[in-house]
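Peer 1: Please model the complete structure; the sequences and the hints are all you need to start from.
Protein chains: 2
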Amino acid sequence: MGTTKKELIMQEIMIEFSKTVEMFGLTPLEARLFSFLYLSEKPLTLDDMSDALGKSKTSMSTNIRSLLELNLVTRVWKKGVRKDLYEANSQLFKAFMNFYLKNWIDQANQQKNSLEEIEKNIKRAKNNEELTALKEGLKHIIGFHRQLEETYKELNQD
Amino acid sequence: MGTTKKELIMQEIMIEFSKTVEMFGLTPLEARLFSFLYLSEKPLTLDDMSDALGKSKTSMSTNIRSLLELNLVTRVWKKGVRKDLYEANSQLFKAFMNFYLKNWIDQANQQKNSLEEIEKNIKRAKNNEELTALKEGLKHIIGFHRQLEETYKELNQD
DNA sequence: TAGTTTGTACAGAATAAACTGTACGTAAAA
DNA sequence: TTTTACGTACAGTTTATTCTGTACAAACTA
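Quick note, the sequences are listed as chains E and V, same order.
Each residue of the first sequence is one higher than the one before, counting from 1 in full-length UniProt numbering.
Each residue of the second sequence is one higher than the one before, counting from 1 in full-length UniProt numbering.
Honestly, the hints are just simulated from the structure, not real lab data.
This structure is a prediction, so every number in the text was calculated from the model and none was measured.
From the three backbone atoms N, C-alpha and C, an ideal C-beta is built for every residue, glycine too.
Some clues are possibly wrong.
Label pairs and their computed distance ranges (CB to CB) [said to hold, decoys possible]: (1) E:5 to V:62: 16 to 24 angstroms; (2) E:121 to V:95: 26 to 34 angstroms; (3) V:114 to E:47: 27 to 35 angstroms; (4) E:59 to V:126: 35 to 43 angstroms; (5) V:121 to E:150: 39 to 47 angstroms; (6) V:57 to E:25: 27 to 35 angstroms; (7) E:93 to V:42: 40 to 48 angstroms; (8) E:42 to V:87: 55 to 63 angstroms.
Peer 2: In structure tokens:
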């Protein structure tokens, strides 16, 4: 019969859930894959996923890799099973917030550092009248980064 | 001389700042454009931007449009100037947070509603043993969305 | 009025991203 | 050992996105 009722419902859920997952910076396929794993009761193999999502095994391999790096998925060992098995990391909310915010803040921080470096260099140079407006803008931007950092830190500690 | 010292510093800042702006879901060019406007002292015309960023005027037009919709840029009127003038909305932090979080939450909310609809439909159907695990997963996912909503609301009210 | 200039719609070109199939290294099975 | 199966590197193809030039409507100028 191809698609059971269960599979049909599963697809409906996946469509919606994937959209939310995408908002956390995952590609559409990564999101669909994660949703699928999350709704599956057992750990799955690359072939399982390939069949279910209708995508190549290669694609599953690379996308699972991304999800592993993001710590959203775990590799599972099972006696007697030769293929690799994967399951979604199920502490959904915390896991997401953690990886997302961490990446976010890390990146923003890096940019803040670069900007402060630029600021330092401008200050060191002799006081050029022409640059005052630029300095002012830079100050605001750095302040913005600082605020970002604080806000998101706040959010993460609970 | 082509590139003055000021322009050089401006570019350095723009490179870093644009990265941060991109994290808020803007495309690279939108981000660069916004950074440029933010650092400019005067409102600018499409031709100004086109020259400065080395992109077509058409591109400036469409990208400015996006920024306007996101409320990150304002159109300015100046007596005697025929061309349209634009400047960055300068309450940087608040403006960003507002538009970003609003879109975010709106989207997540929409997905939550769809998921709850699905949940209702499952419950209405006769109790199928096979679906219990799926129901459980759905419940968690909806809970996740609820939590998202609350967390971000909290963040926005200060 | 006719003649310019400005902003944008649209179609096609250039660029980037996603996806697949083959091919191969490695590890388990026989 | 040989044979079989698994996962992934890599190159090429397909698909989506970004960007540009032309063309034109609307607004301004004289």
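Peer 1: Tell me the hint numbers this structure goes against, listed in increasing order.
Peer 2: 1
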